[in-house]
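Colleague: Residues per chain are reported as follows:
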Amino acid sequence: MSSLPILNSPPKAKDRVFDRKGHIPTEYFKDLLFDLEAKGELIVHRIADDNFIEVDTKYGRKKKIPIQHTWHHKSCGQCGHIPGYSTSIFWLHRQLGYEYYDPKDQTSCTAWNYYASSASNSAAQAAIAIRNFAQAYEDGYFPLIHCGTSYGHYKETRNEILHHQKLRDQVRRILDKLGKPLVFPEEIVHYSEWIHVMRDQIKAKQKVDFSKLTVTVHPACHYHKLVVEDAIYDRDLYDGQRTAVVSSLVKSVGANLADYSTWHDCCGFGFRHILVSRDFSRSFATIRKIERMKEEADPDVLITHDTGCVTTLDKSQFATQAHDRKVGIPVLSDAQFAALAMGAHPYKVCQLHWHGVDNKPLMEKMGVDHKKAWAEFEVQVERIKSGEIEFMSWEDAE
Amino acid sequence: MASIYADAKYQDVSEEVKQKLFDEVKADMRWETTLYGCYECGICVASCPSARFYQFSPRVYAQVMAREDIHTFYELLNDSVWDCSQCFSCTRCPRQNNPGGIITIMREVAVNNGMQSAKTALQAYSRIIYKVMSTGTQVAPDMLQPDFFPDWGPDVVKVSENLNNWRRAIPPETMHTTELAWDVSEQTQLELYLIWKLSGNLDQIEILDEGIFMILSEVMEELLEEHGYDLDEIDVVV
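Read top to bottom, the protein sequences are chains A and B.
One point on numbering: in our numbering, the residue at position 199 of the first sequence is 199, and numbering is uninterrupted.
Just add 398 to the spot in the second sequence (first one is 1) and you have our numbering.
It is possible that some hints are incorrect.
Said to hold, decoys possible - Below 30 Å or equal to it, Euclidean Cα-Cα: the simulated DSS-like pairs (lysine-lysine) are: (1) A:K294 with A:K212; (2) A:K385 with B:K556; (3) A:K365 with B:K517; (4) A:K251 with A:K58; (5) A:K372 with B:K418; (6) B:K556 with B:K418; (7) A:K207 with A:K360; (8) A:K372 with A:K207; (9) A:K294 with B:K556; (10) A:K360 with B:K556; (11) A:K58 with A:K203; (12) A:K30 with B:K424; (13) A:K294 with A:K207; (14) A:K365 with A:K207; (15) A:K166 with B:K416; (16) A:K203 with A:K251; (17) A:K326 with B:K556; (18) A:K166 with B:K424; (19) A:K365 with A:K294; (20) B:K556 with A:K104; (21) A:K251 with A:K360; (22) A:K360 with A:K372; (23) B:K517 with B:K416; (24) A:K30 with A:K177; (25) A:K371 with B:K556; (26) A:K166 with B:K418; (27) A:K180 with A:K203; (28) A:K64 with A:K207; (29) A:K39 with A:K64.
Think of the hints as simulated: they come from the structure by calculation, not from any bench.
Working from the sequences, and respecting the hints, build out all of it.
Modeller: What follows is the structure, encoded as structure tokens:
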């Protein structure tokens, strides 16, 4: 609607009843999960006893974060448009000596599409989630989810599966046709939670001094606003009043964590909007996030932990320069930031040339010789062009 | 009873039609965990990105749905329902309402009924639906073209010019792709397509965009037959 609506007095329904019919959001989902397993309805994919670190979540439940032997549930936007994001997650595992599996038998969670268009239904969305979980189970690795939206959507799916027999029956009928079991992991784990528990090990291998950097953090909506009780909180970070992930890493590697007033705001991604209605995404990202940070904290870099947030906050800044907006903050994921701290190559590993905002001043402040690094990357590209190598290998990148 | 909007656009639509759509929203299994009450405090509106740039209010959704005001519901379903960002910032609600969740369900009802608001909002979006349903990844490197993202600056031009070589200069072997975000095995793509088909989702796509439905069916069903699947055996099971 383009103009303000003219309002009649809202009618008051005589029999208006706000009756809580649903379950409370702080229920202990594992009781339900294991109960269903005991009844033979599903298989719970467990994290091995010697393979996790326990952390506190928002309402105090202890959450297990697997250390290694993980099935990497990749993100469409990260792999497609910010490839240094996923590459850095893998690189961190390799550098810390933790085994992982990068599967080809994984599909997107398809939730970006679902939140954009609603062109799907609960049965399809749950079946897609559980097909991926079943595949991870059959492959013998525990799922580690790269995308914040996959993480959020899978938590919603877990609630639906736990509470609705009809949905479980529908999904089972679909999975039977595919020859897959109905499997659910005992925890839904986001990669930024893995980085959170690895922050001391990352610090121990740090090669680049970050003490001159000022950093702002954007917590991803689908990480801490969708099924809120799974998100990690820590009394030592913002007094436990906002999620600890990402901020914990920034502090651990010695950068200056700077606050700003609109930290809770969304990035403006909008799912549908970022693809076909970007005027909204651009305006929100610039006016409510980037300009506020610039004015209140003047950071060298903005660190976040989801596909859509990196994309929106980074790519939205270019066009707004035409309107003299106060922009120009490089945007990286926590995975890339951790990798750079440990001395990862900015182009071969972190693939910073796929980002929009000029990140050379940031690299200079980090003491990284970006001209030399780019020349090294171009050597690899020339080797590919000449046919000397088909692809750049991990050995070439490391 | 009339809509709260004095300038309501759909006053001539029958109450029966509006009630049917409203009942479809309420019949969704998620409905009972989206709305518990409303203090009218406005925290959801203050948290909402869309409320800052559109004539959109999550509080109106909570109020209208709680009052079962089918007339205003129908106005929302035909207009601002597509303005929501689906960020779920509104779940900051002290009554634990989920206006974003109400909107997810409303949008699904709009799509299922082939409503014009859904077709208009998703007009330029069909190629994305085709991409995710046929390949298993939603966005792909080859979408980074200046004509699709003209506002993302000169880096998009550089990426599109160097796409093949730059994709091969990424270490993980699953990411040397240009048409998919990562290398999804053909068997996995087929399993995804079977899920769309078995869950009745393709019927929904046919309502939304017949052209996309026909291309998708043709391409994927040829692939299924190549892999020995009997198409007569694959019926909607939901």
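Colleague: Each hint: holds or not?
Modeller: Structure-based check of all given hints:
| no. | hint | in the structure |
| --- | --- | --- |
| 1 | A:K294 with A:K212 | 17 Å, holds |
| 2 | A:K385 with B:K556 | 16 Å, holds |
| 3 | A:K365 with B:K517 | 49 Å, violated |
| 4 | A:K251 with A:K58 | 20 Å, holds |
| 5 | A:K372 with B:K418 | 66 Å, violated |
| 6 | B:K556 with B:K418 | 51 Å, violated |
| 7 | A:K207 with A:K360 | 19 Å, holds |
| 8 | A:K372 with A:K207 | 18 Å, holds |
| 9 | A:K294 with B:K556 | 28 Å, holds |
| 10 | A:K360 with B:K556 | 17 Å, holds |
| 11 | A:K58 with A:K203 | 25 Å, holds |
| 12 | A:K30 with B:K424 | 28 Å, holds |
| 13 | A:K294 with A:K207 | 28 Å, holds |
| 14 | A:K365 with A:K207 | 14 Å, holds |
| 15 | A:K166 with B:K416 | 27 Å, holds |
| 16 | A:K203 with A:K251 | 10 Å, holds |
| 17 | A:K326 with B:K556 | 25 Å, holds |
| 18 | A:K166 with B:K424 | 16 Å, holds |
| 19 | A:K365 with A:K294 | 17 Å, holds |
| 20 | B:K556 with A:K104 | 28 Å, holds |
| 21 | A:K251 with A:K360 | 22 Å, holds |
| 22 | A:K360 with A:K372 | 12 Å, holds |
| 23 | B:K517 with B:K416 | 18 Å, holds |
| 24 | A:K30 with A:K177 | 28 Å, holds |
| 25 | A:K371 with B:K556 | 17 Å, holds |
| 26 | A:K166 with B:K418 | 22 Å, holds |
| 27 | A:K180 with A:K203 | 41 Å, violated |
| 28 | A:K64 with A:K207 | 29 Å, holds |
| 29 | A:K39 with A:K64 | 24 Å, holds |
When held up to the earlier numbered hints, the structure conflicts with 3, 5, 6 and 27 and fits the remainder.
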